[in-house]
Amino acid sequence: MPEATLSGARRSRRKPLRTAGTLQKRFFRTLASVRNLIMNDDAKPLLAARRCLRTRHISSTCTACVDMCPEEALVVKERRLLFAASKCTGCGACTSVCPEDALIAPAFTSEALENAVRREAPQGSILFAAPHAGAAGRKILLPSLLHLSLDWLLLAIALGAKEIRLLYAQGSVDEENLSVITSRIGIVRKICDELHLPVELEAVRGAPKVDAGRRRFFSKLSAALEPQDTSSPQTQEMRSRIAKTLLEEAFVRIPEGRLRLIHALKRLLEKSGKPDSREAAKLFSAPRIDAAKCSGCALCPAVCPTGALQSQGEGGTLRLLLNAGACTGCRLCADICFMNAVTLHEEASLEEVLSTPAKTLFSRKNDARAFDTWEDKLAGMINAPVYRT
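Residue numbering for the sequence shown follows my numbering, beginning at 487 and increasing consecutively.
Don't read these hints as lab results, they were simulated from the structure. Built from N, CA and C at the ideal position, the CB exists for glycine as well.
Distance condition first, Cα-Cα at most 30 Å in a straight line; then the derived DSS-like pairs of lysine-lysine:
{"no.": "1", "residue 1": "563", "residue 2": "730"}
{"no.": "2", "residue 1": "851", "residue 2": "779"}
{"no.": "3", "residue 1": "779", "residue 2": "845"}
{"no.": "4", "residue 1": "648", "residue 2": "757"}
{"no.": "5", "residue 1": "648", "residue 2": "676"}
{"no.": "6", "residue 1": "757", "residue 2": "676"}
{"no.": "7", "residue 1": "845", "residue 2": "757"}
{"no.": "8", "residue 1": "730", "residue 2": "573"}
{"no.": "9", "residue 1": "648", "residue 2": "625"}
{"no.": "10", "residue 1": "625", "residue 2": "573"}
{"no.": "11", "residue 1": "757", "residue 2": "625"}
{"no.": "12", "residue 1": "676", "residue 2": "625"}
{"no.": "13", "residue 1": "625", "residue 2": "752"}
{"no.": "14", "residue 1": "648", "residue 2": "752"}
{"no.": "15", "residue 1": "752", "residue 2": "845"}
{"no.": "16", "residue 1": "845", "residue 2": "676"}
{"no.": "17", "residue 1": "752", "residue 2": "676"}
{"no.": "18", "residue 1": "563", "residue 2": "573"}
Across the chosen pairs, the derived CB separations fall in these ranges:
{"no.": "19", "residue 1": "842", "residue 2": "558", "range": "36 to 46 Å"}
{"no.": "20", "residue 1": "682", "residue 2": "842", "range": "17 to 27 Å"}
{"no.": "21", "residue 1": "688", "residue 2": "605", "range": "17 to 27 Å"}
{"no.": "22", "residue 1": "545", "residue 2": "801", "range": "26 to 36 Å"}
Starting from the given sequences, assemble the full structure and let the hints guide the process.
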């Protein structure tokens with residue numbers, strides 16, 4: 487074959503050239519990952535393994551943080567959650583979706599954000615801005631808009647904000663995951679519409695994150711390579727405080743984010759003055775139990791991390807109670823049910839979520855399939871005898 491043909495064949499197998507903008511974005515992402523690995527430890531979340539559903543029970547199928555992480559810094563391997571610190575950029579996306587608050591940002595705590603929201607919301611207008619978004623004036627600066635979960639937006643409205651703007655940067659991780667942000671905005675709007683509360687809520691694109699000019703490119707490169715401390719004393723102190731709190735807290739607890747959501751919903755309901763609207767806006771999760779399949783083993787309330795499911799046994803009757811306000815939709819009750827009797831439905835109303843007394847979810851007389859001890863439950867699941875000594 488002639489040489490010209492060979493060289494043409496080689497060229498045809500080459501990958502297409504990337505544009506300068508794409509290469510620049512990839513370069514700065516790689517540079518940020520290297521800098522985070524070597525120098526900067528402040529923005530990285532702390533994984534509270536004791537709270538993580540994957541740690542609490544091997545049957546858990548939760549992948550909320552893994553699915554949300556834009557940098558693939560969180561992975562599930564051998565049914566355990568692993569955190570790759572070198573890939574983390576500190577955007578806070580994982581902290582907004584974890585149903586058990588197992589990921590904590592020491593440099594940007596919920597206490598600091600709540601104080602900022604309580605300070606700005608009564609002004610009537612509030613601006614949440616991501617880095618490099620070109621925001622001017624009064625604003626609440628976030629590592630990323632993905633850090634904002636529903637409870638923060640609803641709390642801002644409950645505290646008096648009637649206009650909320652979310653400012654993101656062009657080419658940023660927020661723009662790549664804009665569908666997540668707009669979905670949360672849609673849910674908040676629906677709740678406010680049902681409660682007849684006027685609010686203006688929108689996501690706006692600001693200045694571009696990556697600059698194309700030669701001079702700006704090298705100034706950005708110089709800033710990225712500027713030495714930083716491994717971890718500030720304040721962050722080290724905060725991490726120590728969080729670690730101590732985790733060791734002392736109760737094993738069964740309602741996450742702060744859920745408590746904040748319930749508090750915000752109650753305040754919004756009081757502002758609306760329309761108690762009948764609690765029947766609408768079915769946007770929350772709650773478990774259901776198929777009585778025909780349930781064996782009455784009471785495993786689901788035993789593993790529930792928030793105490794949303796509780797069991798009562800009186801007079802030979804088993805009752806399972808549900809406090810929908812405490813349910814975070816973690817799916818652990820459904821994951822561990824070996825009879826597939828528990829399912830999670832997404833139509834719990836505001837009335838169910840805000841009702842104080844727990845309601846009866848399931849009731850039946852004990853039968854032969856209802857085991858009396860944990861050993862018998864385990865023996866039934868693995869079909870093996872139990873020898874007591």
